[in-house]
Amino acid sequence: MADDGDAVLSDVDEEDPLPPSPPPSTSSSQKSPSPSQPQPQPHAQAQRLHDLAAELEEERRLRRKAEESLAEAEKRSERVKALAQNVLRKHDDLKTEASTASSMLTSGFERISAKASPSAAASPAPLPTSQKYSSGLPAIAYGVLKRANDIVDDLLSQIDAANRDRDRAREQMEHRNYQIAIEVSELEASLASRSAHCDSLSKSLSDKDAEISDLRNNLAFLETKLDAQRPMLADQIACASKVYDEIREVVKLVDADAASALSDSVFVWKETDVEESLKVSLEGTKMAYDLATIALHKVGAWVDKKESKVRDLEARVDELLREKEHIGVLLRSALQSNTSEVLKVAEDGLREAGIEVGLKKRREHRPGSMEKDEVYTLAGELENSMKESQVKIVELQHLVEALRAESGLLRTRLEGQEKEIAQLRKQIKHLEEKERVANESVEGLMMDVTAAEEEIKRWKMAAEEEAEAGKAIEQEFETQLSSLNKELDEAKQAMLELENKLKFKEETAAAAMAARDAAEKSLKLADMRSTRLRERLEEINRQLEESDNRRDSSNRNGHRYMCWPWQWLGLNYVRLPPTEADQTSNEMELSEPLI
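Positions 1 to 595 (the UniProt record's numbering) are the ones given, in order, by the sequence shown.
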């Protein structure tokens, strides 16, 4: 609009000088006619009047057109003034809207920054309602503030949620770290014991490796000595052959028929091949072992026969003992009347036989040996005493037979014999008591041995079970350790995810701050554009004033333009632009920076 006003004013300034006077018309030519064409004077005057009337009519027509154009120019100037007033009114409205929007943005961003700042003591005042601002810059500013407030509220809620999640995750991580520390300490203790056990096992393994290396060295040394031991192997085969022959002779002594059925020795020494010689030695040893088992069975059968004979003899001795007891009963019944005489005779007979001396020695030796040293010595002593008692019983049997033959003659001696028999019974009872005690002690020792064996078996089974339980516990610890490692990895992953979320929220907050900075920059830009618009409006006002002044000066000098045919020549001498199109374009140009 200002450019168009400048163009109009420049056109008026350029058209300030007077237009050139029109050239002389045909009347001047008529005033100076050529003498070569003479006309009559009345006809020339009539023609001149007619030309003057035509010129006057033309001047009148031009004057009317000039007046019409002047009226149209005044109308256009009125429209320009109205447009300038509208522009000024719009400028004032825009100025108020810009101030309102700037104050709104300033107060709104202060409230938003106070809301976003963590050091805010009290809650900031709420934003104004949207019903007050329906259009213009306040509506745009309210939309910007509303959007920024919503973004800040979302960011604050997200930050609060992130802080709560962070605190909850931190508490969970601390609790889990405490549990993990306890479990790790337990695992470290178990691992320390296991490591000590592993160290001992490694030491034993190193010892075993050393032993294996020693054995390998010994094996190599023995392999080197193998050739030197071939003569010894030959001697061994020869000795095995001799052993086989000797065992065969033993079998022949026990059972000649079975010995005749046995094969001869097949031991053959091969000097060229040691392996074959070892095989021959092994086969010969197996044959000797088989022959030894046969000999063992044969000798066992022979021993069984001998033992059966011994058992028969023992049964006979038992029968004799029973007969002895029966004889003692008969003697006791027969000698009740003359006990003293019989005892004297028995003492004399026993003294003559030398039995009393042995019994006295036995009685003297027996009380001194009441100590219980060891089980085997006691068993040997009991066996010796039993043998002595058996010998004495045999002797007594012989004496009883002699007394039976001389019963009629030796009744006086039966009392002494009965007394000796009573002593012998006491001694036998004493020996039986010792035998019973020895048997009980042997049984107790056997029970103790069996209990010890059972206890050893139980300890062995318990040790095996403990070893298996230790292996199971170790496997369980390993599984727990692996599960703890997995939980640690999951916790680390969760921490990474939380850190990523926090980073994302920090980036969102940074984006919000950047948006706030951008809004502040847009406000500054709006202020700059409002100042530019204000300057342009001032420039337009100045140009309007200049145009008014020029219009006044042109109105004062308007008679100079009345005679020149501007419209007849097709020119717009005031140079005014189209009103409607210029007004809409100027309004769009003014509202473009605000949009």
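Be aware that a few hints might be false.
[Said to hold, decoys possible] No more than 30 angstroms apart at the CA atoms, straight line, and that leaves these computed lysine-lysine pairs for DSS-like:
#1 K392 <-> K146
#2 K208 <-> K252
#3 K90 <-> K146
#4 K208 <-> K309
#5 K115 <-> K524
#6 K208 <-> K524
[Stated by the list, open to error] Okay, the calculated beta carbon distance ranges per label pair:
#7 E440 <-> I182: 35 to 41 angstroms
#8 A238 <-> T293: 31 to 37 angstroms
#9 A238 <-> E388: 48 to 54 angstroms
#10 D548 <-> T106: 37 to 43 angstroms
#11 N86 <-> R529: 15 to 21 angstroms
#12 K208 <-> E283: 45 to 51 angstroms
#13 A220 <-> A451: 45 to 51 angstroms
#14 E535 <-> R147: 51 to 57 angstroms
#15 E490 <-> R147: 58 to 64 angstroms
If you are wondering where the hints come from, they were derived from the structure by calculation, not from laboratory data.
Glycine included, every Cβ here is placed at the ideal spot set by N, Cα and C.
Hints and how they fare:
| no. | hint | result |
| --- | --- | --- |
| 1 | K392 <-> K146 | 134 angstroms, violated |
| 2 | K208 <-> K252 | 50 angstroms, violated |
| 3 | K90 <-> K146 | 26 angstroms, holds |
| 4 | K208 <-> K309 | 57 angstroms, violated |
| 5 | K115 <-> K524 | 22 angstroms, holds |
| 6 | K208 <-> K524 | 89 angstroms, violated |
| 7 | E440 <-> I182: 35 to 41 angstroms | 59 angstroms, violated |
| 8 | A238 <-> T293: 31 to 37 angstroms | 22 angstroms, violated |
| 9 | A238 <-> E388: 48 to 54 angstroms | 50 angstroms, holds |
| 10 | D548 <-> T106: 37 to 43 angstroms | 39 angstroms, holds |
| 11 | N86 <-> R529: 15 to 21 angstroms | 20 angstroms, holds |
| 12 | K208 <-> E283: 45 to 51 angstroms | 35 angstroms, violated |
| 13 | A220 <-> A451: 45 to 51 angstroms | 49 angstroms, holds |
| 14 | E535 <-> R147: 51 to 57 angstroms | 31 angstroms, violated |
| 15 | E490 <-> R147: 58 to 64 angstroms | 40 angstroms, violated |
In this structure, the earlier hints numbered 1, 2, 4, 6, 7, 8, 12, 14 and 15 are contradicted, and the remaining ones agree with it.
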